[in-house]
Structures are given as C-alpha cells and as structure tokens.
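*Asks:* Sequence:
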Amino acid sequence: MNFDSILPDNIKRLKGYVAGKTIAEVQSLYKPKQISKLASNENRMGCSERVKQAVLDSLSEIQDYPDPVAGKLRKKIAKMNGVKESEVLLAAGSESLISVICRAFFKDGEHAITADATFVGFFVQAGVRGISVNRIPLDQNYKFDVDAILDSVNDDTKMVYLANPNNPTGTFLVRDEYLKLLKGLPDHVLLINDEAYFEYAISNPDYPDSVSQRRDNVVILRTFSKAYGLAGFRIGYAIAHERLISEMSKVRLTFEPTTPAQAAALAALDDQEFISRSVDSVSRGRESLYSFFDRNSVKYVESDSNSVLMILESEEEAINFTERMLKLGVILRRVGAFGLPHCIRITIGKEQEMEHFMESFLTVFETSEKG
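Just so we're aligned, residue 924 is where the sequence shown starts under my numbering, counting upward by one.
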C-alpha cells in the first residue's frame, strides 16, 4: 500500500509533539539513586488532598457518560471569573482547546501569527489543520515583540496566539503592551491568550487582567495542569464571547472532560490554600535557582511561570548537558522544538529536587572542566 497517497501533505510535513522522558524510562535506562522530574512544568507538590476523595466518589458514576457541558464546574468557573456560564467552555486541557479553535475558525488561505519560540503544542495543532503560521522572533529579552506582531497582520490573518506567560521563556506581556496589542488588532483577528501559568503570574502588578479587559475577539485559555496539579486528568477551560463559545462547542469532542476530571477540578478549586502554597513554593524555588545561577555565571531568563529558562552557548552544549544530567537522574527539557535549541527549561520542583539539580549541575561541570 502506498501510504503517502492517502496522507495529506500537511500531515506528512507535521512534526508531532515529543514529550519529555518519564520517571520510569529514566529508571530503566540509567537506574540513578534519585530521580527529579524537572522537564514538564508539572506541579511537583502534587495536588490538593481534597481531589483524591472527590475522584474516588466520582467512580460511582463511571458507567455513565460525563456531563457534556460540565455544568457544576462551568458554573463555578464563571462565578470565580465574573463571567456568564455561556462564556465558559471545558475541554481536555489547553491543547484540546487550541485544537478546537483551529478546527472551528479557520478556512483555506488564512494564517496565524505567533512567536518563533512558544508552546510547541500550538504549532502541532495548527499543522494538523494545515494552517500556515507566521513566526515572529522574540526580542532580545526573550519577550513577544508587539510592534512586529501588529506589523505582520494582514487581511488573511485569522489569529494571533499568545502564551502569557510564554512557554518556555516564562516572560509575559505587561499590561500596556497587552492593551496595545488588543487595540491594534482588527476585529476579524482572534487573539488567543493562553494563560496556562496564570496562577503564578497574577501577583505581579504588571500582569494584565485579561478577563476585565477582554474584547469580543479574545479567547482566554486556562488549565488545571499546572498550579492545580491535575496534569494527569487533562482538563482546562476557555473564556470568550458566548457566540465564540457556541461555535467552539460544535467541534469539541462531546464528552470531554471525563467525570473524574470534572470532580478533580471542582475539588481543586475549593482548596485555594493549596494553590497559595504551591505558588509560594515556586517563587522561593525560582529565587534560589537565580542565586545559584548567578554564583555560577549561568545565563537565564527571569520567569513568572513555574520554570526558568537556562541559556547555553550552543545546541550541542544543551544536548550534552541534558544527557549528562539525565544519567544523574535529573530530567530536564531541551526546548529546540519550541524554537530555542541552545536553551533548557527547568521546572521548579520541591526543595530536595532543586538540591538534586544543583548538586548534579556542579558534578557535570566539574567533570567537564577535568575533561
């Protein structure tokens, strides 16, 4: 069979998302004494204790299809954000929502704009739909270049995708920059504001209040995978004008997210004290990592997410460093697929995990100097 003959060109060209190595893979390969998984921007503190009982209770309904509109959760999210229930849509994480957006709003010939270094999941979902993407370089501070983005908009532009804070850099558009982008975009261009790291950034006084400042052409994405620690449940939500939500609902898979995922998210929202502890822990971990990098003359980008971008001299050095750290049980994320081949993203983990990172870092560089 000639498989090429049945595959569309955009799928043949597509590079799928490659996830970081799992703990089990590293244990099997290298059998290190300790493993610290600092590659995937998960909440290394886990999740709220309330989640576990809520999920167990939900199993009594597991023979039934999930609530297709996630009514209880939708109502709680709407109230929490001061929006109407009809302006909220639940799905299996932010990436599922990006897929929904790409399917719902694009027609042939239209294109999207984003940064050349941002969440690789967006590139994958746009590629699945065959959407051409204009990738705008980040500025010298690893931030979005608003003027360059606005200058690239034309009549065929359907969407600007903005991860704010950005993944993998942890940088964000401050309020004035965000408002400039909002005002500069024509009404026919959707602004997709992916706020996966919202909980980590919201305390920064320069971070924009996207819900109160939103317009009819704005879709805000948030997730339970990061600060809430529910990555394994795959659940996230969109906030947008009710007409946009209605159209997105048509192409979303009917019964996502699952019943246990909905129960987990409801319980997680009820434990804001856990979120505060998680955010505080990440903040302390970032500052500690900055100090460590400063002492060891390592370049990095200051972050408002739960990770820090480490800058090396070359892709070769980044590959070598991550492989040697992996053998010591420290799982890191090279971000070549995100557009920064010379950089490494380090998730902020628990105190013992960060100590493991720092000890391993010194071992790797000491060995390199001797070599």
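Hint data in this document are derived by calculation from the structure and do not stem from the laboratory.
Be careful, since some hints might not be right.
Straight-line alpha carbon distances no greater than 20 Å define the calculated EDC-like cross-link-like pairs of lysine to aspartate or glutamate that follow [claimed, not checked]:
1) Lys1273 <-> Glu972
2) Lys1007 <-> Asp1132
3) Lys1002 <-> Glu1276
4) Lys956 <-> Glu1276
5) Lys1007 <-> Asp1129
6) Lys999 <-> Glu1289
7) Lys960 <-> Glu1278
8) Lys995 <-> Glu1179
9) Lys954 <-> Glu972
10) Lys1173 <-> Asp1194
11) Lys938 <-> Asp927
12) Lys998 <-> Asp1193
13) Lys1250 <-> Asp1194
14) Lys998 <-> Glu1240
Because the structure is a prediction, the values reported are computed rather than measured.
*Asks:* Of the hints given before, which are not true for this structure?
*Replies:* Those not satisfied are hints 3, 5, 6, 9, 10, 13 and 14.
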